Amino acid sequence: MTMYEKAMKILESYSICDFCLGRQFSNVSTGTTNKHRGSVIKDFLALSLSNNATENSLSKLQILSKSDNKLARNTLKKKGIISKSSKECYICQNTLAEKTENIFQTILPEVENYEFETFLIGTSLPKEFLERERILKEEFDLTQTEYLKQEFNRLIGGKVGEQLSKETDFQSPEIVIETSPLTSTINLKIKPLYIYGRYRKYIRTLPQTRWPCWKCKGRGCEECNHTGKKYQESVEELAEYEALRITNGFKGVLHGAGREDIDALMLGTGRPFVLEIIDPKVRTIDLQELEKNTNQYGKGKIDVSKYRWSSKNELRDLKSAAERTKKKYKALVVFENVISEEKIIEIEEFFQNRPIDQRTPQRVSHRRADLIRKKITFSIKCTRIDETHIEAVITCDGGCYVKELISGDNDRTKPSIAEITGIKAKCKELDVIEIQDDSNKA
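Numbering (the numbering used here), first residue to last: 1 to 442.
Be aware that one or more of the hints could be misleading.
What the hints assert, rightly or not - EDC-like cross-link-like pairs, simulated, lysine to aspartate or glutamate; straight-line CA separation at most 20 angstroms:
1. K251 - D279
2. K159 - E146
3. K381 - E346
4. K414 - E323
5. K381 - E429
6. K159 - E117
7. K189 - D279
8. K306 - D317
9. K191 - E110
Please keep in mind that the hints were generated in silico from the structure rather than gathered at the bench.
In this text the structure is predicted, and so the values were computed from the model without any measurement.
Throw the hints in and build the complete structure from the sequences for me.
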């Protein structure tokens, strides 16, 4: 069966517009639009029937006329036959042309406030449209079709790209424009900006990320002075401030390679992180200028360095590698009784490449799963301060609870410094002084 014969069979069963008919044969001939292809198919059929006055031919011309073919309608008129009024398309209900233009006009003012170079169109259509298309495809064994969603995406995307001089990107578009043509509504999904950096933290009352008030869950109450926050600032908020101002973004999210305790300093070359800027309206920014402005804003509390562009993949790698990354800490350890020189030496020797088991500490058990984590201490170097205090430089696995490594946490961490020395011990101050980062050693 030829394409024209199959097209006539379709039209005898269903009224189909030019767009939808042409789409059923989109891969048969290229270099034209579906609408033009559908119109040419109908015109060919009308011409082939025009010199034939049989009842069958006139019936087929009536069918073509009802599918809004002007050539068939004019042919019938010349024969003195009044053609029946056009029927709406079985698949799209004659919405394709009108709705494409409507949705295009809806998109333009919505995207004008965003800086972007690449985009992608997505279309949501009623299930009944897609079901009717499926029925037609199966009934007539159509194998060269372009789906209705694809045509909407292509037509709308072509208009947007031409009007705004932007490129379609199927892999990583800066804006995804989700359209609902029948309701002429759209939803924009803006690709976040990802900025890699390292931060250092200089005060002991600063959490890494926002910390909502435990009582009101961030809604605001007397306990938090109606701020919704347990702590009024965080590294995240200090790092995001200038970035949001420059990009006109909605929110910043700091993804760190692990996190230090609120009362711990983060020193050395800093902790690697990726700052995610959600819903940015400006994408072209000077990262060195941003780094400088952020350091001015966070002066005395944090500083950031090594800013460069990052990605969602690097963010994932950074998070997943955090617990496999060596970290070095400086801890001020206080003992309940005098610590002898022999005991100090014993600490250093015993914890050389020593496996330890850590059950989730009591202090975080309300928000962490109750697990036993296996970690390694690679070395502990001790310096005596006085009879009951030492400074311990501890190199260990990422994710190791250093305070509990010192105290033992009622035997939830074994072995511990307290257990090995036989003297109760606790961490009075803790600083992170080095974090390995193979992805950015510069």
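To see whether the hints hold, each was checked on the structure:
no. : hint        : result
1   : K251 - D279 : holds (7 angstroms)
2   : K159 - E146 : holds (18 angstroms)
3   : K381 - E346 : holds (11 angstroms)
4   : K414 - E323 : holds (19 angstroms)
5   : K381 - E429 : holds (16 angstroms)
6   : K159 - E117 : holds (15 angstroms)
7   : K189 - D279 : holds (8 angstroms)
8   : K306 - D317 : holds (18 angstroms)
9   : K191 - E110 : holds (16 angstroms)
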